[in-house]
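Q: Make the full structure from the sequences, and use the hints.
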Amino acid sequence: MMRLYVENGRRAKALQQYQVCCQALESELAVTPAAETEALYRRLLTGSDGGHGQEAAALNENSANEPTLQEATAQLQAAVQTMQAAQKSLEQAMALVARLKSGEIRDWGLG
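Per our numbering, the very first residue in the sequence shown carries number -14; after that it's consecutive.
Don't take every hint at face value.
As the list claims (entries may be wrong) - In silico DMTMM-like links for lysine to aspartate or glutamate, alpha-carbon gap of 20 Å or less:
#	residue 1	residue 2
1	Lys(-2)	Glu56
2	Lys(-2)	Glu21
3	Lys(-2)	Glu23
4	Lys86	Glu76
5	Lys73	Glu13
6	Lys73	Glu23
7	Lys73	Glu11
Bear in mind the hints are in silico, worked out from the structure with no lab data behind them. Everything numeric in this text was worked out from a predicted model, so none of it was measured.
A: Next up, the structure:
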């Protein structure tokens, strides 16, 4: 879906779609987006094209223009949500390490 938005010159919608994707994956499956989705998101945020055909052409076309307030706001919202997701992951990892250290749960690792 993000690619379709990009190919149609709707960068802000592509960024918003990323957030919808992240929220659905987190709430439904407790996973993060695929590496390919993350890479597209990073290219959208930075405006870099990475030489990906139609996607690159759409990104280059949009990058040539100053972003609209809507696009800038979408970028900001996307960045905030990414930071919040990262903070949540960090807190979960820290809690797991604390539980392992306290012996509350056993470390079944072989190493």
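Q: If a hint holds in the structure, say so; if it does not, say that too.
A: Right, here's what the structure says about each hint:
| no. | hint | verdict |
| --- | --- | --- |
| 1 | Lys(-2) / Glu56 | 8 Å, holds |
| 2 | Lys(-2) / Glu21 | 18 Å, holds |
| 3 | Lys(-2) / Glu23 | 15 Å, holds |
| 4 | Lys86 / Glu76 | 15 Å, holds |
| 5 | Lys73 / Glu13 | 16 Å, holds |
| 6 | Lys73 / Glu23 | 17 Å, holds |
| 7 | Lys73 / Glu11 | 11 Å, holds |
In the structure shown, no violation is registered for any of the earlier numbered hints.
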